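A.B. asks: Here the protein sequences line up with chains A and B, keeping their order. Note that the numbering used here has the first sequence beginning at 7, numbered continuously upward. Note that the numbering used here has the second sequence beginning at 7, numbered continuously upward.
In short, the hints are calculated from the structure, not lab data. What you are looking at is a predicted structure, and each value in this text was computed from that prediction instead of being measured. A few of these clues could be false.
Identical chains share a label here; the pair holds if one copy fits it or two copies do between them.
As the list claims (entries may be wrong) - Below, simulated DSS-like cross-link-like pairs (lysine-lysine); rule was C-alpha separation at most 27 Å, straight line: (1) K150 - K92; (2) K305 - K274; (3) K150 - K296; (4) K148 - K217; (5) K150 - K173; (6) K217 - K173; (7) K260 - K217; (8) K205 - K260; (9) K274 - K148.
2 protein chains.
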Amino acid sequence: MDNRQIVLASRPTGVPDDTNFRIETVSLPEPGNGQILLAQKYLSVDPYMRWRLSDFKSYSAPYDLDEPISGLGLAQVVESNSPHLKKGDWVKGLFPWAEYVIAHTDALTKIDDKIGVPVYRYLDVLGFVGYTAYCGLTTLGKPKPGETVVVSGAAGAVGLLVGQIAKIYGCNVLGIAGTNEKINLLLNEYDFDEAINYKTSENISQELAEKLPQGIDVYFDNVGGEITDAVFENINTNARILICGQISQYNDDKPEMGPRFLPVVLKKTATISGFLASQFAHQFGEAGKKLTQWILEGKLKYTETIVEGFDQIPNAFLGLFSGRNTGKMIVKI
Amino acid sequence: MDNRQIVLASRPTGVPDDTNFRIETVSLPEPGNGQILLAQKYLSVDPYMRWRLSDFKSYSAPYDLDEPISGLGLAQVVESNSPHLKKGDWVKGLFPWAEYVIAHTDALTKIDDKIGVPVYRYLDVLGFVGYTAYCGLTTLGKPKPGETVVVSGAAGAVGLLVGQIAKIYGCNVLGIAGTNEKINLLLNEYDFDEAINYKTSENISQELAEKLPQGIDVYFDNVGGEITDAVFENINTNARILICGQISQYNDDKPEMGPRFLPVVLKKTATISGFLASQFAHQFGEAGKKLTQWILEGKLKYTETIVEGFDQIPNAFLGLFSGRNTGKMIVKI
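Based on the sequences and whatever the hints tell you, model everything.
C.D. replies: This is how it looks when you write it as structure tokens:
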């Protein structure tokens with residue numbers, strides 16, 4: 007049968023655009039013995055994928071040219087040659103950007119679509135996004151009741167959770183985001199204590215100082231750049247700074263220049279930790295339990311930006327860099 | 007009796023010079039009941055004092071205008087009204103920059119001048135300098151045998167010790183310093199594996215990559231600026247970066263610009279820790295024991311730059327910023 011897939015047509019220099027991607031129609035073989043034919047239904051596009059479009063060596067290998075991009079997806083079983091899965095079952099896995107996928111059961115995680123939340127939530131709160139927010143904030147951030155937590159990209163996939171988890175821990179929370187709609191959402195729907203629109207703020211550092219005269223104890227950074235410069239000017243002694251993302255910097259071919267802040271890190275005896283959820287794999291069980299519990303208790307809300315259509319995958323990905331998403335960016339195929 | 011002291015005449019903007027200091031002759035009263043009259047013999051000048059000349063709020067308060075600068079010193083008892091100390095005893099304490107000091111015994115630590123090393127070593131290896139190197143490197147750096155440690159300001163007070171302790175821990179050690187004499191010292195006297203003269207290097211980053219193709223696991227930074235930029239380009243996954251000093255940046259009134267490196271910190275899941283020896287006070291006992299043991303075993307060598315003359319204190323301090331010192335900068339009064 008015919009199958010559409012999206013391959014890396016060229017490596018971007020600077021900001022990627024749709025010429026870096028190409029939709030191809032290829033022929034899909036019949037699933038073999040022990041194999042499963044899956045129809046991909048929801049697919050996660052994530053900022054880290056920008057690195058893999060370049061050939062920078064990091065924790066995950068660059069995508070190959072003319073080969074399909076891959077990432078986290080949710081799929082339904084169409085045809086199963088395995089006793090472990092039957093038609094209609096939902097599974098999660100690392101899939102190519104393709105409509106149909108053939109996979110072995112050992113590369114798939116069966117998911118329960120009857121727990122009372124939309125199934126695509128396995129791509130965010132009940133998956134890496136949730137683990138990233140929970141493990142990063144609690145293990146590296148060590149938030150204590152009464153402390154002040156600032157999160158950048160606060161209306162993004164991870165940021166929405168970080169703010170809510172910090173509130174559950176009894177912290178004062180300020181979120182930074184880039185539209186008034188997002189600011190309203192943070193303050194009115196998600197109970198952040200304070201919020202700053204970095205695009206309209208005349209002086210982010212001064213606004214932080216005014217809104218948080220007590221200073222900043224924990225900074226959960228998804229964005230980097232000038233937002234982070236402003237935060238460094240307002241950190242407290244022994245501040246914990248967590249580098250989860252630097253989306254403002256991913257499209258630079260060489261480092262942007264900015265004010266040196268290591269003297270402040272020294273004077274404030276602060277700690278900066280670059281981290282990936284994968285380093286907390288041993289905590290995922292605990293994280294999943296806590297997150298599920300908080301959802302069921304009504305303490306944790308969530309939202310997604312769902313883009314529809316297989317051919318919209320590249321646009322959804324590119325939209326991450328212009329802040330098009332509130333909450334997790336997901337493509338529905 | 008008359009006593010000379012050095013006061014803060016004005017707060018420097020940018021690079022301090024001798025106009026920021028003033029020598030005054032004041033009258034010293036007789037020591038009262040329980041008080042000690044001390045003659046200060048050796049005095050420590052340290053980079054952190056630069057902060058205290060400005061009115062930046064950090065862990066230690068700014069020096070007051072027209073009041074004496076103060077710091078760590080070694081003194082001998084001239085006259086004692088206390089049963090705990092007698093004439094000729096050596097003590098360590100926080101003293102004003104003055105020839106004579108009157109103090110209470112509870113502000114003094116008696117030191118043993120018969121342990122086989124010069125008494126001024128209590129201002130470096132057997133004091134905060136030693137504790138800084140030992141506690142910072144071992145507790146935050148967690149060096150493992152076979153790992154690669156880079157230290158900037160390698161021929162400076164702390165750097166000389168960091169390199170040697172890293173060698174004791176079985177690491178491969180590269181030191182960065184600013185004169186050929188210092189480079190020779192590191193390679194030939196202190197058994198560093200590699201050394202780079204940052205002032206004559208055409209490309210520090212490239213030289214690091216050539217000398218350390220295995221990459222850098224621990225970076226102990228005393229200097230900051232372009233040296234540190236070059237190191238960030240060569241760090242390994244899970245690198246530990248310790249910010250002990252940023253002497254290249256202390257005279258800047260506003261932050262210098264430099265390449266943003268948080269994206270690298272993220273990709274390499276590195277950790278940056280600004281630290282002060284004082285946060286390891288609970289480890290000082292252990293540190294003192296280890297350092298003394300290594301000295302007696304011949305595993306740890308040391309050197310000082312000793313400047314003579316009370317009126318030379320400001321010049322000795324200013325010399326820290328031009329790399330005039332090898333090992334600890336000490337003034338002999």
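A.B. asks: Are the hints correct? Go through all of them and say.
C.D. replies: Hint check:
no.: 1; hint: K150 - K92; verdict: neither (47 Å within a copy, 50 Å between copies)
no.: 2; hint: K305 - K274; verdict: neither (33 Å within a copy, 34 Å between copies)
no.: 3; hint: K150 - K296; verdict: within (18 Å within a copy, 35 Å between copies)
no.: 4; hint: K148 - K217; verdict: within (22 Å within a copy, 38 Å between copies)
no.: 5; hint: K150 - K173; verdict: within (10 Å within a copy, 38 Å between copies)
no.: 6; hint: K217 - K173; verdict: within (17 Å within a copy, 48 Å between copies)
no.: 7; hint: K260 - K217; verdict: between (34 Å within a copy, 23 Å between copies)
no.: 8; hint: K205 - K260; verdict: both (24 Å within a copy, 24 Å between copies)
no.: 9; hint: K274 - K148; verdict: both (17 Å within a copy, 22 Å between copies)
Going down the numbered hints, you'll see the structure goes against 1 and 2, while the others check out.
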